[in-house]
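Peer 1: So the chains spell out like this:
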Amino acid sequence: MAQHVTERDVRGIAEYTRIHLDEDEVKQMTVDLNDIIESLKPITEYDLDGVEPTFHPIGSLSNVMREDVEKPGFTQEEALANAPARQDDCFLIPSILGEGGDR
Amino acid sequence: MKTMEEVLQDWEAVIGLEVHCELTKLETKMFCGCKLEFGAEPNTHTCPVCLGMPGALPVPNRAAIQSIVLAGLATNCDIEKHTMFYRKGYMYPDMAKNFQTTQGPKAFCMRGWLDLAVDGRGAKERLFWDDLAEGETSENMTRTADGYTAHVGITRIHMEEDAGKMVHIGGGEGRIAGATHSLVDYNRAGTPLIELVTEPDLRTPEEARLFMQKLRQIFLTLGISDCSMEEGSLRADGNISLRRRGSTEFGTKTELKNINSFKNLHDGLAYEICRQAEVLEEGGVIYQETRHWDPSAKRTIVMRVKETADDYRMFPDPDLAPYDLSDEFIENVRAKLPELPDQKAARFAADFGLSAYDARHLVEHRFTTEFFEAACEEAGDSARDLAKPLANLVLNDITAYVNANEGVDFAATPFTPARGVQLVKLLAADEISSKQAKEVFAAVLEDDKDPQAIVEERGMKQVSDTGAIEAVVDEVLAANPDKVEQYKGGKTGLIGFFVGQCMKAMKGQGNPKLINQLLEQKLN
Amino acid sequence: MAGTNFATMGIREIQAGLMNEEFTAVEVAEASLARIAEQDKDVHAFLETTEEQAIEAAEKIDMVIDSGLDITVIGPLAGIPVAYKDNMNLQGTHTTCASRMLESYVSPYTATCVRNTIEAGAIPLGKLNMDEFAFGSSTETSAFGPTRNPWDLERVPGGSSGGSAAAVAAGLATVTLGSDTGGSIRQPGSFTGTVAVKPTYGVVSRYGIVAFGSSLDQVGPFARSVEDAALTLNAISGHDPLDCTSQPVDTDFTANLAEGAKGMRIGIVPAFMDAEGLTHEVKVKVEEAAEHLRAAGAELVEVDLPNAQAAMSAYYVLGPCEAFSNLSRFDSVRYGYCDPGHKDLGGQYEASRANGFGPEARRRIMLGSYLLSAGVYDKYYYPAQQVRTLITADYTRAYEKCDVILMPASPRTAFKFGEISDPTSMYLSDMFTISLNIAGNGGMSMPCGLGADTNLPVGVQLQSPQFKDENMFRAAAALEQVYGKAPVAPAFAAKAGE
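The listed protein sequences derive, respectively, from chains A, B and C. Going by our numbering, the letters in the first sequence line up with residues 74 to 176, in that order. Going by our numbering, the letters in the second sequence line up with residues 939 to 1462, in that order. Going by our numbering, the letters in the third sequence line up with residues 53 to 550, in that order.
Calculated directly from the structure, the hints in this document are not laboratory data. Among the hints, erroneous ones may be present.
What the hints assert, rightly or not - Pairs of lysine-lysine, DSBU-like flavour, derived with a Cα cap of 30 Å:
no.	chain 1	residue 1	chain 2	residue 2
1	B	LYS1103	A	LYS144
2	B	LYS1195	C	LYS395
3	C	LYS335	B	LYS1026
4	A	LYS114	C	LYS431
5	C	LYS431	B	LYS1244
6	A	LYS100	C	LYS314
7	B	LYS1062	B	LYS1044
8	A	LYS100	C	LYS395
9	B	LYS1026	A	LYS144
10	B	LYS1274	A	LYS144
11	B	LYS963	B	LYS1044
12	B	LYS1044	C	LYS431
13	A	LYS144	B	LYS963
14	B	LYS1244	C	LYS395
15	B	LYS1019	C	LYS395
16	C	LYS453	C	LYS431
17	A	LYS114	B	LYS1026
To be verified - Listed next, the stretches of chain A that the computed footprint assigns to chain B, with coverage defined by at least 3 CB atoms under 8 Å from CB atoms of chain B:
no.	segment
18	96-103
19	111-121
20	146-155
Note that the Cβ used here is the ideal one computed from N, Cα and C, for glycine as well.
Taking the hints into account, I'd like the entire structure generated from these sequences.
Peer 2: Rendered as structure tokens:
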């Protein structure tokens, strides 16, 4: 079977999707993903030249907008109620160093 | 490190800007009905949508789409009728859905441009423009009477949403470095944001600064944003690379992130030009990286090295309908276009006989434009006659005052346009000297009184009675026979001495023009 | 009320009983909750029951009846016990998506379709088990244990809306809501012998439904009669300003139920009836159903859906891509599972998502991320959207010749737990359902008797053109004339006192 993704690729994907995989899981995920990607092969083989893509099942859907009018939202308590950790009416997270802190 | 002037002899800087502007004038967020409000209590303007709750769906704000189309029309863009929103994926805690809803390859506004008039000291940063004859063009630069015009392409303006805000705790001065944890407030999350990307057409930090200033003026005129660089509703990233003069290839660029003032934009880019030149001249390599300008240390520091291009897994957002903007929609927006700064400048020149220089500087800032317009209206029929002294008042005294008092709202000072007209009329009628006018200007601001009242109160009326002045002139000449001899012997510079003595004798109220005239008559 | 068997009653029967004061809505609620407490131990359809909200809603209904008003003024579901797939937000309830990731999440808001049922008078009984985040066809991937098929507790109820199907089949609710991304309503409907409707994309608002594949997901009802399904769809359909993709549908889906099949053109796809993997017993029952419609005056016509195979591939590209993006919001910051004790956010992210998501969710997220990555996007995602164009055109051509297309809902009857473990063959059970989601059309599974080999329910799938869902309802009602209303599964019917 064709190797679509290597273990190294899978580690990269795991890093991007922020899902920790241990080494055994990386191996298994590599096998699984290669299996699935192989099963998708037909999509790469159709002659789709000149076929426009349809991004929405409802073809006529367009220009849906709302008016610029305020609507009631959450109270502060409702907003924070599900927070795993909170402090000073904010969501509390541990140090974000290394999270591409350029923004 | 060499100075920028030295560097630019050998190197050409290639600068492009990415400008983010929050549409603060709207009532609600981009994709939900939460109120837009700066400085509210944390997490008090949220809902399932902007908090990224499971199951929530976005619905775009029509007024935001109208605003971006307005911005596009005002910057000479083509309005792209068929566009889609895309999801741009990256996990970062201030982005509630961990993807940003933004636009794909096609933005609402494409292929625009702005022309920048560069003159005075600012023009000196660009080399060789004065080799051109007036009206002659080289690359994107056309020589004008007092500088040059730079033609700057706008790649696109797209619609997106802003992120929430984070406060970092445990490190120094709220920095990420050293912080042990952070607090996230999603009030700002989902604020309608437009991003304008320029072509790499800018060549000097001054051009970058002027572009931002002009853009800000346009957006303020459109009324789509408060454009506050301090509060972050207008932000700029600058991409900059160097290449040897004569080369047409681009060098490796660095990106200066989140610059929050015009001065920092100029100074950060100027520093980067010098830093990159030093690295390159020493045989080093420029890394593609994002850098932060630290104004207090006066240097840029690395934030992140980009080893590979970011892969955001962009794809069309299936929750949002594609756009197929009608001509009617676009024309309805076009009908709302106000008079733009360039059009206003042309009108000032035509209606009031101002020079192109005065006219374009009058429209550079809101306070200059508004004051000048209101004063001209106040002046009524005499507006055309008073326009030049009013322009001088605005561009010299008022501008100096505003520059010296950071953050002042000039429209809120006691120096109203009506008082401006009064002052200029006193000056035009030779009732006060221009030196006295400056004193009156300061006094109006200080005492909140009409110029007329201050002049009377302080007995400042200028003496323009030729008889009275002649008497004083005669007195002064008689009292200084030696100086008169010297003058006649060729030391004509002594005229200033005589004028000073006359003014002193007249307690500063003599008309300097007349004193000069009489002195010259009598001495020659 | 002693001896009143709500478990097997339909909407009209319950409402008549309420109006005739044979019983009260509170009694309906209490009896339903009691039955769940007793019977659901075996089935495990429910993840949570909502006693307080049920009683509160029932009391309101009783007040209306006491005031002498007709309860239908409240709405089509007045007094009816309803339960919801656990990917539907109902304020104050847990909405777990059967995942550890959302085990402690309490909905701060209510999904539009859920709100619509409650505003129509429904008595909300609780939240129903499913495959984790709707990734599966058996409800085995639920982090809280599988749901069992009321027809045979050794077998799966199908999925991902397995809890919604099983609850109706076991008589634990009159109607339930499920969601269908690639067959997640119709396949469990087929496995449990229930009327299971996936309407046209856009008929029901998706606002408040935890998204799997945003361009594919659609909510629909499970019921034991065509009329109950239609009444429920009446209550939940229509435009929602909170969902850009919802449409202004004001169809009365009960309107043509009595018309019969006479004059209808029923499309059959010959290639589908000979498809590899289609079991003989299912084929026989589905062909019988077609013959019944012919006997009732319908015309059977052959149609072709030549790109159905491509639809499978497109689905397995689009689904994971959209799921990857939709599930990126689960990050341990605002809600959801947070792995404790991390000093940096990166570690907290990675451990929370590794431990919060089950294996199938992790696999689909990673697959989607790969398929959307630079250079790969053009190879899979873009062609998948081109295939959508082909599928839509296939259907348009087919529907020039017919009003409804008839085919199996699933190639086989319910399988045993653990019987299918290989992900790829699990995917095969979606072969008849997927094209529809790609095109956004409506489809439903209608019980058509028991398979001769397994003695388990078989569902015939009726499909209709976009926003012509009334067509399939009409054909389904004609079939119901033949088969009768869907029964409660025998073991549970016995327990209900039948």
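Peer 1: So, for every hint listed, does it hold in this structure?
Peer 2: A quick look at each hint next to the structure:
no., hint, in the structure
1, LYS1103/B <-> LYS144/A, "holds (22 Å)"
2, LYS1195/B <-> LYS395/C, "holds (27 Å)"
3, LYS335/C <-> LYS1026/B, "violated (45 Å)"
4, LYS114/A <-> LYS431/C, "holds (10 Å)"
5, LYS431/C <-> LYS1244/B, "holds (26 Å)"
6, LYS100/A <-> LYS314/C, "violated (58 Å)"
7, LYS1062/B <-> LYS1044/B, "violated (37 Å)"
8, LYS100/A <-> LYS395/C, "holds (28 Å)"
9, LYS1026/B <-> LYS144/A, "holds (26 Å)"
10, LYS1274/B <-> LYS144/A, "holds (26 Å)"
11, LYS963/B <-> LYS1044/B, "holds (25 Å)"
12, LYS1044/B <-> LYS431/C, "holds (21 Å)"
13, LYS144/A <-> LYS963/B, "holds (17 Å)"
14, LYS1244/B <-> LYS395/C, "holds (25 Å)"
15, LYS1019/B <-> LYS395/C, "violated (48 Å)"
16, LYS453/C <-> LYS431/C, "violated (34 Å)"
17, LYS114/A <-> LYS1026/B, "holds (26 Å)"
18, 96-103, "violated (count 0)"
19, 111-121, "violated (count 0)"
20, 146-155, "holds (count 6)"
Hints 3, 6, 7, 15, 16, 18, 19, counting from the list given before, are not met by this structure.
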